[in-house]
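Undergrad: What follows is the residue order along each chain.
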Amino acid sequence: MSRIGKIPIAFFALFIVAFPWVAHEIPSIENYTDIMIFAGIYCLITMGLSLLMGYAGQISIGHAAFYGIGAYSSAILTVQYGLNPWPCIIIGMILSAVVAVLIGAPSLKLRGHYLAMATLAFGIIVYIIFNEEAAWTGGPDGMTGIPGLSLFGFEFDSVEKYYYLVWIFVFAVFIFTVNLIQSDTGRALRAIHVSEPAAGAMGVDISRFKILVFVYSAVLASLAGSLYAHYLNFINPSTFDLFFSIKLLIMIALGGMHSIWGAIIGAGIITFLSYEWLHYFEEYEVIVYGAILLLVTIFLPKGLVGVPGIVKGWFRE
Amino acid sequence: METITLSGQLFQYLITGITVGSVYAMVAVGFNIIYNVTEIINFAQGEFVMLGGLIMVFFHVVMGLPLIMAFPATVILVTLVGMLLDRLAIRPIRQPSVLTLIIATIAASILIKGAAMFIWGKDPYDLPAFSGRNPITVFGAVIQPQYLWVIGFLIVIVIVLSIFFDRTIIGKAMSACADNPNAASLVGINVNQMILLSFALSAAIGAVAGITVTPISLMEYDRGAMLAVKGFGAAILGGLGSFPGAILGGLIMGTIESFGAGLISSGYKDAFALIVLLIVLFFRPSGILGSIEISKIKRF
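Protein sequence lines, in the order shown, are assigned to chains A and B. Residue numbers for the first sequence follow this note's numbering, beginning at 1 and rising by one. Residue numbers for the second sequence follow this note's numbering, beginning at 318 and rising by one.
Think of the hints as simulated: they come from the structure by calculation, not from any bench. Fair warning: there could be bad hints in the mix.
[Claimed, not checked] Part of the chain A face toward chain B, derived, beta carbon under 8 Å:
| # | residue |
| --- | --- |
| 1 | 30 |
| 2 | 57 |
| 3 | 116 |
| 4 | 293 |
[Stated by the list, open to error] Stretch by stretch, here's where chain A covers chain B in the computed footprint (C-beta under 8 Å, at least three residues):
| # | segment |
| --- | --- |
| 5 | 451 to 459 |
| 6 | 544 to 554 |
| 7 | 582 to 590 |
The beta carbon of each residue, even a glycine, is placed where N, CA and C say it ideally should be.
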């Protein structure tokens, strides 16, 4: 994924721009625009997380916590202190960055997968805090009355308007991430991915880059959380539980963890599965998710993005 | 009704903590067995405990088998699940890296949890205590006989495992795989079989933990994850890979949790153990009894 072609990006942009119009014309998928908002929000998280998994080779099982920190920063500061939503989003992102450094720095300085454990514990602690600190967070009932977003008097008050707002964010982050991958930082990250000792020998400060990626992914998750809160106008802790963190893992494993397209495809598919296509399974959908994750890990180690390569391999034989 | 004294209360927390801690210790020992042979952190470890409890309920309560038969039957069934986990989720992975193996165990854990929800539903299940529920009062603390069963089984597991690893050929072969899998296979040890055995063994221990704790705390389908996290915390606290460390870590973890819930806040009960885990990870990642030298050569 060293180069991202311009043509796929153009098609992707066209698809996103045209989607609400097309969906509006077809009654059976009319509500898909709404679902695409959530897909966009999840894309924001998975793009950062796939950098962490695909490049830094680390897994986080606690990104629901950063998603929650963003959402609750927005909710608490707007509802209880009456602040304008935009600075609240920024404050949430800064808070997430600080927390990410505190969690990430000690565990990423160590070799191995200590980050997985630290983020797992951290995620559960934050979830407990959301439930227990009812004076701030409303406890298990959550918070209502979170204001929507507006910019210079323009209200993002319809599904379509919010859709475009979210996807503009996704696009900005997408372009920034692609540039990041193709910059010196990206080269260092790729070197770390191929061989840590070799990268270290060439003077790459491995733990610094890993922390950088972890913080970047946490900030994006926080932004996503804020956008979620301002869209639904209501949040409660169950959105930010351990299973959501695992769902994010599934999105990335399904799409393909070494590719930014994988992050987007995985987020899209899992969003539609959970909001639309798995209703039939009700709460047993967890079995479907487990099966997807296991099958992908065994048969598609590169995720869906790796499928064209596999098919090409068949034809070459 | 006796008056509750402060010292009696504290003693009560200690006993409860040691009981819960014994369960964490068993989970931690299970983690270590698999970790030592494969370097995998098996996130499905807590599901073995959950399955142990629920399958025991099925054999003992639903089918009415006597305790002495239901117990081994449950352990055997859960052991089979552990072996299936290795054969169906771990072995088929073609490009095994620690990352993908960990993800595979996460996948297995949610599959097992989903299957348990499908079979048993969401209600918690009770199991009759092994020797009744007439509490013994010691120093003003109320001790359920079942507490002693839990602690007793931990002791039995410790003794059996130390005999296994120190005195039997298979046990020594497993320790050899833990030290160096390549060298072990050079001297004719079948590493794949040792991996299978490690999953079987830690599933069996998980089952024992689940069976013994269910009469105290009930059991439901979604308890596995939290048990796994705390058991892992205990393993890290004691030093990943160290068996005495796992026992010590489990008991400390349980005691902290019990005192924290009793004296500070019961809502944060689950958080105390995890905060300890984070503190240990940050300040002494090799744990109390672990060695830094060993942690340097391991991939996890």
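Undergrad: Hints first: check each against the structure and report whether it holds.
TA: Here is how each hint holds up against the structure:
| no. | hint | verdict |
| --- | --- | --- |
| 1 | 30 | 31 Å, violated |
| 2 | 57 | 6 Å, holds |
| 3 | 116 | 7 Å, holds |
| 4 | 293 | 4 Å, holds |
| 5 | 451 to 459 | violated (count 0) |
| 6 | 544 to 554 | holds (count 4) |
| 7 | 582 to 590 | holds (count 5) |
When the structure is compared with the earlier hints, violations turn up for hints 1, 5 and for no others.
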